[in-house]
Each structure stands twice: as C-alpha cells, then as structure tokens.
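So the protein lines, in turn, are chains A and E. With my numbering applied, the first sequence covers 22 to 333. With my numbering applied, the second sequence covers -13 to 239.
The hints are simulated quantities; they were obtained by calculation from the structure and are not laboratory data. From a predicted model like this one, the values you see are computed outputs, not experimental measurements. Each hint should be verified, as a subset may be incorrect.
Simulated crosslink set (EDC-like; lysine to aspartate or glutamate; CA at most 20 Å straight-line) [said to hold, decoys possible]:
(1) 193/A <-> 219/A
(2) 199/A <-> 223/A
(3) 70/E <-> 154/A
(4) 38/A <-> 154/E
(5) 230/A <-> 154/A
(6) 70/E <-> 223/A
In case you want the letters, here they are:
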Amino acid sequence: MFCINVDRLSKFYGSIKAVNDITLSVKSGQVFGFLGPNGAGKSTTIKLLTTLIQPSGGSLKILGIDAIKNPLQVRNKIGVVLQQPSYEPTLTVEKSLEKYGMMWDIPKSERKIRTEKLLNEFDLIEIRKKRNEDLSIGQRRRVQVAREFMHDMDLLFLDEPTVGLDPSARRKLLDYLKNKVNTGLTIFFTTHILTEAEYLCDEIAIIDKGKIIAVDTPTALKNRFGKEKTIKIHLLKNLQEIKSLLSGIVDCKIEFNTGTDITIHSTQSELVLMKILRILNENKIDIDDLSAVPTNLEEIFLKMVEENVSNY
Amino acid sequence: MFPIIRLVNRNLTISINPAFLLWQIIFPVIYIFIAGFAYSSLIQEVPFGSKGLAYPAFLASGMIGFNIMNSTLVSGIIIWNDRKYGMFEQIMSGPFTRPNYILSNICTIGIIGLVSAALIAVIGYPVFFDSIQFSLVTIPLIVFAAVTGSVLFGSIASIIATKLRSSEGFNVILNTAFLFFAFVSTAFYPASGAPEPLKTAFYLNPLTYLVDVIRAGIFGDITEFVILEMGILTIIATTLFIIATKLLTKLDF
C-alpha cells in the first residue's frame, strides 16, 4: 500500500519552477529518502506534501486522502519536523514537550508518560529544566525531533533532521527512526548527508532543479549508476615516464594527480588494473599503496546531478 | 478540546510569565497611587460629564484602558515570535487552520484584556470607590469596552507583527505607536483643558474612546457622545481586525 501518491505535482513562483511536474509513490512502512542539492526543490516538496503550501498543478494523495481538498484531515495524521528550527524560546524543554502534546490533544496523563519517555530516549533529562533559548543548536534540534513523537502519526516528514547534531546523536536518532519504522511508521526523509540516506532509507528519490531524476533502492541505484569503480595507486618514486607507459590502456580514465598518485576510473576496473600492474611490474616500478574505492551513494548522487546539469 | 482552546492555552502559557504579571500590576500601581496622589495638589477635580472626579479616580479609570492596550501588545509579540522562531509554520503543519490561529489570538488578547481590566479595577477600587455608579447597563458596557479595545489594539500589534521581520523594527514601531496612543489620549488627563490641536489629536486616538467608554461605565455617565464613541470604537476594531486577519491569512512560509 502506498501512503504518498504524487502525480505531476508542480509549484511555480512566477517564472521559477520550484517543483516541476514530479510523480512519485511512497510505500507504507518504509523510510523514503529525498535527496538533492541546495535549492533543488526538497523543502518546497515537503511543504507541498505537508499541505503548508498549495500546488500550482497536479494531484496529491497522502494516506489515501486528497491533500489538496482536505489538508486538515492530512495534517491530523502526519508529523512534521521542518528544516528550520521551531521552538518557544521561554519554555523549558520539559514544558515544550508537554505543551506540544497538549496542542495535539493528548490526554494529560498520557502526556506525562510520553514526556518522560522522550526525555530519556533523546538524552534530554539533564536539560529538561533549561529554557529553549538557552540550548545549543544540537540540543534544540533534538527537542524539536523528540517533540514530534508526543503525538501519534502514520507518516512523518523529516526535513534534514540531523543538522547540528554530533555524530553520536546523529546515529542515535537514525537508530531511533529505524525502530519506529519497524513499528509501522512511514518516514519521508530529506538529507544532505548521503551516508545517512544509505544507512536509513529503503528507497531514494533524487531531485534536481525541481525534477526527480531517479527513484530506486540504494542498492539498485548503485547497480544502475555505480558500475564505474575507482582505483587509487600510490607509487614509491616519482616517475616522469609513467604517463606515457600507461597511455595505451583503453576503457578507462586515468588521472595523474602527482608524479606518484594515479587514480583510475573504469567500468572494467579488474581488467584495467591487471593491465596496469603488468606494465608496472615489467618496468620494475614499485607500488607503495593500492586501494579500490567502493561505490557509494555520494558518488552516484554527484554523478547524476552533474549529468543533469550538463543536460540543461 | 477544541483546537482554538488548545491554542489559547498554549498562547497564555508562552506569554504570561512572572515578569509580565508583575509589570502589569506595578506599572499601574505606581501611576494610580504615586502620580495620582502627587498630581492631586495641582489637579483637584476633573470635570466628567455632569460630575467632577477626584484626579486619582480619573487616573485609575484611565489606567484600566491603558492597561488593556498595554497587555494586548502580547498578541503582536506572539505572532512575531511564532514567525521568528518557526512556530507559525510548525503550528500550521499541525492539526490547526489559519482561522484557528487567528481566533486563538483574539481570544488570548480578549482574556488578557479582561483580566488586566479587572486587575486594575481591583487595584484602583479604593480611589474611585466614592464615585462608582454601577448598574445593569454599566458592567456590560465595561466588558464590551475591554473586549473591543483588546481586539482593536491586538489587531494593531498583529498588523505590525506581520509586516516586520527585524526585532529592532518591531520593537521601535510598536513602542512608538503605543507611546503615542498612551500620551495623546484622555487616559492621563482630560481633553477639555487641552489646546485645540491636541484635543483634536486626542480624538484621533482609539485609546481615548476606550478610556471614555470605561469611565462612563464606572461612573455611570452614559451620554449620547459615549454611545457615539462606542460605535466608533466598534467600527475601528472591526476594520483593524479584518485587516489583521487578511494579513495573517496571506502570511507565506
């Protein structure tokens, strides 16, 4: 079952096409990653999906509800952590959670239980009496994310939730989200940090210039776009003739960064590597270090965005 | 619980703090009991309709209107803070509509205005005790004035909050506007003795109408002019409320 169905959705600001004719579906009970460079249209898409702004065209169904006709019905069932910080400066951390639960009409006794639970789960116990205005950026972000779990929801939108968090807090949050998905929650997640997307997301969409340029699982994206591998060789000595020695090798792109560092990009990396090693061996050139860089989502992302730029 | 009530609850929690309450009490107390009695040697009696009022009684009744105006600054501060600290967007992405948000602000300032008026009435009671003339008509009149005045000044503060992003700009404009309202009005002194241009300026100021209606309610002197002032107060409050609502509805994310 799909919990987000977007069909030819657009949002124009005058002549600027912030979101341009996007179509996508998000399955229930998964983490859907939404990636893109700055200004690609990620936040505008989230604002459209969360009914904060009205689209210029297209249709939008969230949890089976027509979000354009019944935005309030949708908002009653979703949670939203926006990219920008949101907090009441004069309230304490504890009071923030409690009041947010009240705003979602959670009964008082239940609010108390949930507040204590979230203060524990998000490591907020020590700062529970601190006012929001006195918190660090990371602490505030943790409160903002924790607060959203005061109410029940079927779908959670997280717009770069880990911004400002240290690596340990970031990993804790990602693990927390993974656990929540295991209990049936669906998460729509945007991030700039590709390793996060790789760690967390079941499916990924890449948006650039308001258009979706790819949708798939991280593994499938790697298989589709990550055939090219990178091999790095560090030679013991600086050799001027190395460039001419390797010039005859085909099916690859070789970069001679310095006289000792060679980077090879190839879709047939094993074959190319064997040829290079043979040449180096024949010419008695010693290797100091050799490494193969595994294909990661970041490389695929950069490649796709670059290709998209060159298509314009 | 209705969404508006939940938002009012939240608004009251974030805006009422000990410092605010203390200021709401101390400021009028200083005016009523220090300025009121200090100026009594200069101003023995203030003509008011068919009667004469002791200056502390005149000032205390004026302070009710002044305090209503002052306390409704809160509505502007709520909106401005919500925009600055991202809560407006957060609330709008939750189980609320824009009309919910607007109406909750109006209810909040109505409550704060009424409580504020009651507070000053209690504090000022000893000084206008002798001149009070309550009746079945006067009490609803005071409540009407308190609510209408709250909506009026709350709308002004809301309009300023929707138009300004910088805290400096917001504070300077709000304080300047409210300083003008406070001192170019009949809250502290009667219009009758003032020079003609100042007198005209007094009646270009909605606080004058608010204060006059409250005084008429407390001292039981409801004239045709007071009824006219009530009408003007209602029209201005309605107009400003509509403008504030439209601006809030158009606020973009």
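Is the straight-line distance between the alpha-carbon of residue 199/A and that of residue 223/A 20 Å or less? At roughly 10 Å apart (the allowed maximum being 20 Å), residue 223/A and residue 199/A satisfy the hint.
Given the hint that residue 38/A pairs with residue 154/E, test it: the Cα-Cα distance must not exceed 20 Å. At roughly 34 Å apart (the allowed maximum being 20 Å), residue 154/E and residue 38/A break the hint.
Please work out if residue 70/E and residue 154/A have their alpha carbons no farther apart than 20 Å. Holds, at about 12 Å.
Need the status of pair residue 230/A, residue 154/A: alpha-carbon distance at most 20 Å? violated (36 Å)
Quick one, are residue 70/E and residue 223/A close enough, alpha carbons at most 20 Å? violated (35 Å)
Given pair status - residue 219/A, residue 193/A, alpha carbons within 20 Å: holds (15 Å)
Checked against the numbered hints given earlier, the structure breaks hints 4, 5, 6 and satisfies all the rest.
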